[in-house]
Amino acid sequence: MIRDITLGQYYQTESVLHRMDCRVKLVATLAFIISLFIVDSWWGYVLAALFLVLCIRLSKVPFKFMVKGMKSIVFLMLFAVVFNLFLTPGTPVVSFWKLRITDAGIRMALQMAIRLTMLIIGSSLMTLTTTPNHLTDGMESLLNPLKKIKVPVHEVAMMMSIALRFIPILLEETDKIMKAQIARGADFDSGNLLQKAKAMVPLLVPLFIAAFRRANDLAMAMEARCYRGGEGRTKMKPLIYRKSDYAAYGVLALYLVLMIVVGRILPI
Amino acid sequence: MSLKLEHVNYIYGSDTKLAVHALKDICLEIPDGQFIGLIGHTGSGKSTLVQHLNGLLEPTEGKIFYDGRDIWEKSFSKKELRSNVGLVFQYPEHQLFEVDVFSDVCYGPKNLGLPKEEVEARARQALRLVGLSEEYDKQSPFELSGGQKRRVAIAGVLAMRPKILVLDEPTAGLDPKGRDEILGQIAHLKRETGISVVLVSHSMEDVANYVERIVVMNRGSVLFDDVPREVFGHVKELEEVGLAAPQVTYILHQLVECGFAVDRQATTIAEARDTILNALKTG
Numbered sequence: 002m003i004r005d006i007t008l009g010q011y012y013q014t015e016s017v018l019h020r021m022d023c024r025v026k027l028v029a030t031l032a033f034i035i036s037l038f039i040v041d042s043w044w045g046y047v048l049a050a051l052f053l054v055l056c057i058r059l060s061k062v063p064f065k066f067m068v069k070g071m072k073s074i075v076f077l078m079l080f081a082v083v084f085n086l087f088l089t090p091g092t093p094v095v096s097f098w099k100l101r102i103t104d105a106g107i108r109m110a111l112q113m114a115i116r117l118t119m120l121i122i123g124s125s126l127m128t129l130t131t132t133p134n135h136l137t138d139g140m141e142s143l144l145n146p147l148k149k150i151k152v153p154v155h156e157v158a159m160m161m162s163i164a165l166r167f168i169p170i171l172l173e174e175t176d177k178i179m180k181a182q183i184a185r186g187a188d189f190d191s192g193n194l195l196q197k198a199k200a201m202v203p204l205l206v207p208l209f210i211a212a213f214r215r216a217n218d219l220a221m222a223m224e225a226r227c228y229r230g231g232e233g234r235t236k237m238k239p240l241i242y243r244k245s246d247y248a249a250y251g252v253l254a255l256y257l258v259l260m261i262v263v264g265r266i267l268p269i
Numbered sequence: 004m005s006l007k008l009e010h011v012n013y014i015y016g017s018d019t020k021l022a023v024h025a026l027k028d029i030c031l032e033i034p035d036g037q038f039i040g041l042i043g044h045t046g047s048g049k050s051t052l053v054q055h056l057n058g059l060l061e062p063t064e065g066k067i068f069y070d071g072r073d074i075w076e077k078s079f080s081k082k083e084l085r086s087n088v089g090l091v092f093q094y095p096e097h098q099l100f101e102v103d104v105f106s107d108v109c110y111g112p113k114n115l116g117l118p119k120e121e122v123e124a125r126a127r128q129a130l131r132l133v134g135l136s137e138e139y140d141k142q143s144p145f146e147l148s149g150g151q152k153r154r155v156a157i158a159g160v161l162a163m164r165p166k167i168l169v170l171d172e173p174t175a176g177l178d179p180k181g182r183d184e185i186l187g188q189i190a191h192l193k194r195e196t197g198i199s200v201v202l203v204s205h206s207m208e209d210v211a212n213y214v215e216r217i218v219v220m221n222r223g224s225v226l227f228d229d230v231p232r233e234v235f236g237h238v239k240e241l242e243e244v245g246l247a248a249p250q251v252t253y254i255l256h257q258l259v260e261c262g263f264a265v266d267r268q269a270t271t272i273a274e275a276r277d278t279i280l281n282a283l284k285t286g
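Read top to bottom, the protein sequences are chains A and B.
Each step along the first sequence adds one to the number in our numbering, with nothing skipped, and position 60 is 61.
Each step along the second sequence adds one to the number in our numbering, with nothing skipped, and position 100 is 103.
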C-alpha cells in the first residue's frame with residue numbers, strides 16, 4: 002500500500018530531462034509554479050498545459066505513472082475545490098439552504114483545480130527525472146548565497162538527502178517487522194480504530210528502535226570517514242552547466258515571457 | 004500434521020519489468036518430528052521459501068497443503084496455520100517490543116485468544132525450553148546480551164506451541180559461543196518436544212551435527228534433498244553453487260586419496276574420529 006505512492010519517486014530512464022542539470026530543473030519548476038498562480042487567463046493555462054505536455058513527452062516518463070501519483074492527493078484537491086466553490090462571494094448562480102454557488106466561485110474552483118493539477122504534475126515531473134541526491138545537490142548549490150547570512154545550507158541539504166535515503170530503508174524494515182509480528186499472530190487489519198491503533202504498538206516500538214540504531218550507525222560511519230560538515234568539502238561530480246542547460250534556461254525564459262504577454266492581452 | 008508443497012513457484016513483482024523468479028517448481032514435504040536443514044547461498048530463495056510455509060507469501064503458482072488441506076482455501080484460518088507453523092525470522096531480536104521479557108513472550112499466545120493462565124503457562128514453558136530462568140522475567144529485553152535477546156525472541160514463537168518450527172538463520176551475527184549455544188538449545192528443544200524443526204542456514208558446518216535431512220537450494224530450485232551423508236558426497240556440485248561440505252568431509256576425502264581405508268561419508272567429527280581410528284587399527 003505504502004509503495005503505491007509515486008509522488009516524489011524517481012523514474013529510471015534515459016531522456017533529455019534526466020540528463021539536464023538539476024539546478025535548471027529546480028529553477029524551472031519553481032518558475033512554472035509561480036507562473037501558474039500569477040497568470041489569470043484561460044489562454045495562459047492552455048499555454049502552461051502545452052509547456053507541461055512538452056516536458057512530459059521529453060521526459061519519457063509514462064503518463065500513467067504520473068496519474069498514479071495524483072490519486073494520493075485527490076482528497077486535498079476536492080477540499081480546495083469545494084471550499085472555493087461555496088465560500089467565494091459574488092453573484093449567486095445556484096442557492097439552496099445556507100449554501101450558495103456564485104459565478105466567481107465556479108471560476109475560482111475551476112482555476113484552483115487546474116492550478117493544483119498542473120502544480121502537482123509539474124513538481125512530480127521534477128522528482129521523477131531527478132535522483133534525490135541530485136535534488137539536494139542542486140538545492141545546496143542554488144541556496145549557496147544564503148551562507149553569507151549564516152544559513153547552514155550544507156547541513157540542511159545533508160539532512161534532506163539522509164531523510165530521503167531513509168525512506169526506502171524504513172519501508173523495508175516496516176515490512177520485515179510486520180511479517181515477524183504476523184507470524185506471532187498479530188492482526189493489523191481487523192478491529193475498530195482503537196484496536197487497530199493498539200495493534201500498531203508491536204510494529205512502532207521496534208521500528209523506532211531500528212531507526213535510532215540505523216541513525217547511530219550512520220553517524221558513526223560518517224565520523225569514521227572524517228565528515229566535518231561542508232567546510233572545504235569537494236564534490237566527486239561537481240555541477241557544471243553545459244550548453245544544453247543554457248538552452249533550457251532560454252526555453253524557460255521564452256515560456257515566462259509568453260505567459261506574461263498572454264496574461265496581459267487576453268485576460269479572463 | 005505434515006506440510007506439503009506442490010510445484011510452488013513464486014515471482015517477485017510479476018507485473019513489472021523487474022520480475023524475479025524466486026522459487027521454481029518446489030516440491031517438498033515436511034513430515035512430523037523431522038529435523039531438516041535448509042541450505043543455500045545468499046539469494047537462493049531460502050527466505051522466500053520459508054515465508055510460504057506459514058502463509059506470509061502466496062505462491063504465484065502451485066499449492067501448499069497443511070494436514071491435507073490447501074492453506075490458501077478461503078475457509079482455512081491463517082491464524083491457526085501460523086500457530087502451528089512457527090516462523091522465527093532472521094535477527095528475531097529486532098521484533099521485541101514489550102517492557103519485560105515475560106510479557107514479550109506472552110504476545111504470541113495472547114494473540115491466539117487463550118485464557119490468561121494458559122498464556123502464562125506457555126510463556127513460562129517456552130522460556131524454560133530456551134534456557135532462560137525466571138530471574139530474567141522482569142528484565143527489559145533490550146538490556147540482555149545478543150544471544151539472550153535471540154533466545155527470548157525464539158521463545159516468543161515457541162510459546163505458540165507450533166508443530167513445525169522454522170528458524171531463518173538463527174545464528175547470524177552471533178559469536179561462536181552464542182552460535183553453539185543456540186544450536187544446542189534448538190537440538191535439545193527438538194528432542195524434548197518432538198516437533199519438526201526446519202533450520203535455514205548457509206553453513207553446512209552448522210547443520211551437519213544436528214539435522215537428519217538436508218535440502219539444498221540453488222537459484223530458486225531444490226538441488227539436493229537427502230540425508231546429510233549423501234548430500235555431502237556431492238562435494239563438487241556443492242562448491243559450484245557456492246557452498247562447502249564440512250571440514251571433516253574434506254579431510255576424509257584426502258585421506259582416501261592418500262590410501263587410507265576410511266569411510267568418506269562420515270559427517271560429524273565424532274564419526275570421522277571413529278572411522279580414522281578404525282582405519283589405523285586395521286591398516
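Derived by calculation from the structure, the hints in this document are not laboratory data.
Ideal Cβ positions, reconstructed from N, Cα and C, are used throughout, including at glycine.
A couple of the hints might just be wrong.
[To be verified] Footprint (simulated), chain A over chain B, 3 or more residues, beta carbon under 8 Å:
(1) 54 to 66
(2) 97 to 106
(3) 133 to 142
(4) 155 to 168
### Message
So, against the hints stated earlier in the document, which numbers end up violated here?
### Response
When the structure is compared with the hints, only number 3 turns out to be violated.
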